[in-house]
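Between the sequences and the hints, there should be enough to build the whole structure, so can you do that?
So you can see what is in the structure, the chains are spelled out below.
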Amino acid sequence: MDTKISMTQPKVKDDIKDAVMTEENVVSKVKELMETLDHIKKYNALTRSLKKFAFIVISSIVVFLGLGLSFTLVGIEKTLTKPLNFAVGFILLLIPIIGLLTGVLYVRRRVNSAKTGEWKEELSHGFPSALKILMELDWDKTFDEIVTGKISYALYGLLKTGAYWFVIFFGLDIILNASTFYFLKVPIGGGFGLGLFSLAIVLLFLGKDLLRRYKELQALDMLLWELRWFSFELQRDEFQT
Amino acid sequence: MNYKETSSKPDLYVIARIIKALKEKNRMNKTALATSTGLAYDKLVKYLAWMSAKGFIVVDENGLVILTKDGAEAYDELVSWIMKYVGQLKFPRLRLRT
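Line by line, the protein sequences give chains X and R.
The numbers in the numbering used here rise by one with no breaks, and the one at position 33 of the first sequence is 33.
The numbers in the numbering used here rise by one with no breaks, and the one at position 5 of the second sequence is 5.
Just so you know, the hints here were simulated from the structure itself, not pulled from any lab data.
Cβ atoms here follow ideal geometry from the backbone N, Cα and C, with glycine treated the same way.
A few of these clues could be false.
Keeping only pairs whose Cα atoms sit at most 25 Å apart, straight-line, the calculated SDA-like set for lysine to any residue is [claimed, not checked]:
| # | chain 1 | residue 1 | chain 2 | residue 2 |
| --- | --- | --- | --- | --- |
| 1 | R | Lys90 | X | Lys51 |
| 2 | X | Lys141 | X | Gly157 |
| 3 | R | Lys90 | X | Ile188 |
| 4 | R | Lys30 | X | Lys51 |
| 5 | X | Lys51 | R | Gly87 |
| 6 | X | Lys120 | R | Thr35 |
| 7 | R | Lys90 | X | Gly126 |
| 8 | X | Lys120 | R | Gly87 |
| 9 | R | Lys90 | X | Met135 |
| 10 | X | Lys82 | X | Arg212 |
For each label pair, taking beta carbons as the anchor points, the in silico distance ranges come out as [claimed, not checked]:
| # | chain 1 | residue 1 | chain 2 | residue 2 | range |
| --- | --- | --- | --- | --- | --- |
| 11 | X | Leu155 | R | Ala72 | 38 to 46 Å |
| 12 | R | Val59 | X | Arg108 | 55 to 63 Å |
| 13 | R | Glu24 | X | Phe232 | 30 to 38 Å |
| 14 | R | Leu64 | X | Met135 | 39 to 47 Å |
Rough simulated footprint, nothing fancy, chain R against chain X, three-plus residues with beta-carbon under 8 Å [claimed, not checked]:
| # | segment |
| --- | --- |
| 15 | 128-134 |
| 16 | 167-179 |
Below, the structure written as structure tokens:
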């Protein structure tokens, strides 16, 4: 922030003076701002852990598919009885489930360990410290963090939903295979229809969560606009003594 | 020493810190003011020279720094100026979900 000081008359209008404006108000607003920026740090932590999350989840899916394919290619599938085959399928399905859980726990741990509240001691000194915090804020960095945080959050939600869909799809496929084999003596797979059905189940279970995520993205957008306006106005105007 | 000899513009928050300390204590000697504001003595002296030139403070014959009416008003205006912008900020409620 580049706040200039010149020797001309005060620019602050009389109507502003009339409003209830105390040092405590400024400190309280800056506290609110810093708490919000602490939240952005959490999104930042999510951004940093997104690659690893994607790696854990995708590699667990690749291992699951790889092992399933190798069992078929090597012919292990034929040596096992059908019920045993289904059991093996379920055990293999544990790999992407564990992968998904590990990924989510990893992200959660990283997000929760984001350092926050470092400004609290400084702000406890009142208005001059609030002013110092405002003047030393790196706005461009903050905006970048909000934008990348927003993208990462959306990607994380999509990846997680995709992984849920995958697990549900293969889980239902195994159940369908096992049930048709039990009742009709012929295992029948789900195919495209099951894919759509799985998607419907995922949307049913994660619908509220996805809606909340969408609202969260909108809130981040709103914050970005608010802060852009704020930093622009603060830099455009100059305090004159 | 003129403030402009070493720097082109003073930091607003340093000025605010000095005025706040003077508002609380009315008059202070420079050493006590430096301690109270957490400023190095040399830096404080430069700021005081700038503030004195602006009429925000006066130094009496005993070397005590006194806040003037203009200085107190400038501080209030600074608070209002910041509040004019900060006061309009609305923060959305964020809750990151993992």
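Results for each hint:
Between R/Lys90 and X/Lys51, the direct Cα distance comes to roughly 32 Å. Violation of the 25 Å bound is thereby established for this hinted pair. The suggested pairing of X/Lys141 with X/Gly157 holds, with an alpha-carbon distance near 24 Å, which does not exceed 25 Å. The hinted pair formed by R/Lys90 and X/Ile188 fails the criterion: a straight-line CA distance of about 56 Å is larger than 25 Å. A threshold of 25 Å between alpha carbons decides the hint, and for R/Lys30 with X/Lys51 the separation of about 55 Å lies outside it, so the pair is violated.
A C-alpha spacing of about 38 Å is found between X/Lys51 and R/Gly87, which places the hinted pair above 25 Å, so the restraint is violated. For the hint linking X/Lys120 to R/Thr35, the alpha-carbon distance of about 21 Å falls within 25 Å, and the restraint holds. As the CA atoms of R/Lys90 and X/Gly126 are separated by approximately 21 Å, the hinted pair is consistent with the 25 Å bound. Distance hint between X/Lys120 and R/Gly87 is fulfilled; the C-alpha atoms sit about 20 Å from each other, no more than 25 Å.
Between R/Lys90 and X/Met135 the alpha-carbon distance is near 19 Å, which keeps this suggested pair within the 25 Å criterion. Straight-line distance between C-alpha atoms of X/Lys82 and X/Arg212 comes to about 43 Å, which puts the hinted pair past the 25 Å bound. X/Leu155 and R/Ala72 have their C-beta atoms about 53 Å apart, which leaves the hinted 38 to 46 Å range violated. Taking 55 to 63 Å as the suggested C-beta distance range, the pair R/Val59 and X/Arg108 conforms, at roughly 58 Å.
As the Cβ distance of R/Glu24 to X/Phe232 is approximately 34 Å, the hint placing it in 30 to 38 Å holds. For R/Leu64 and X/Met135, the Cβ-Cβ distance of about 29 Å falls outside the hinted range of 39 to 47 Å, so the restraint is violated. Given a C-beta distance limit of less than 8 Å, the hint that chain R covers the segment 128-134 of chain X holds, as 6 residues qualify and 3 suffice. Evaluation of the coverage hint for the segment 167-179 of chain X: breached, as 0 residues show C-beta separations to chain R shorter than 8 Å, against a requirement of three.
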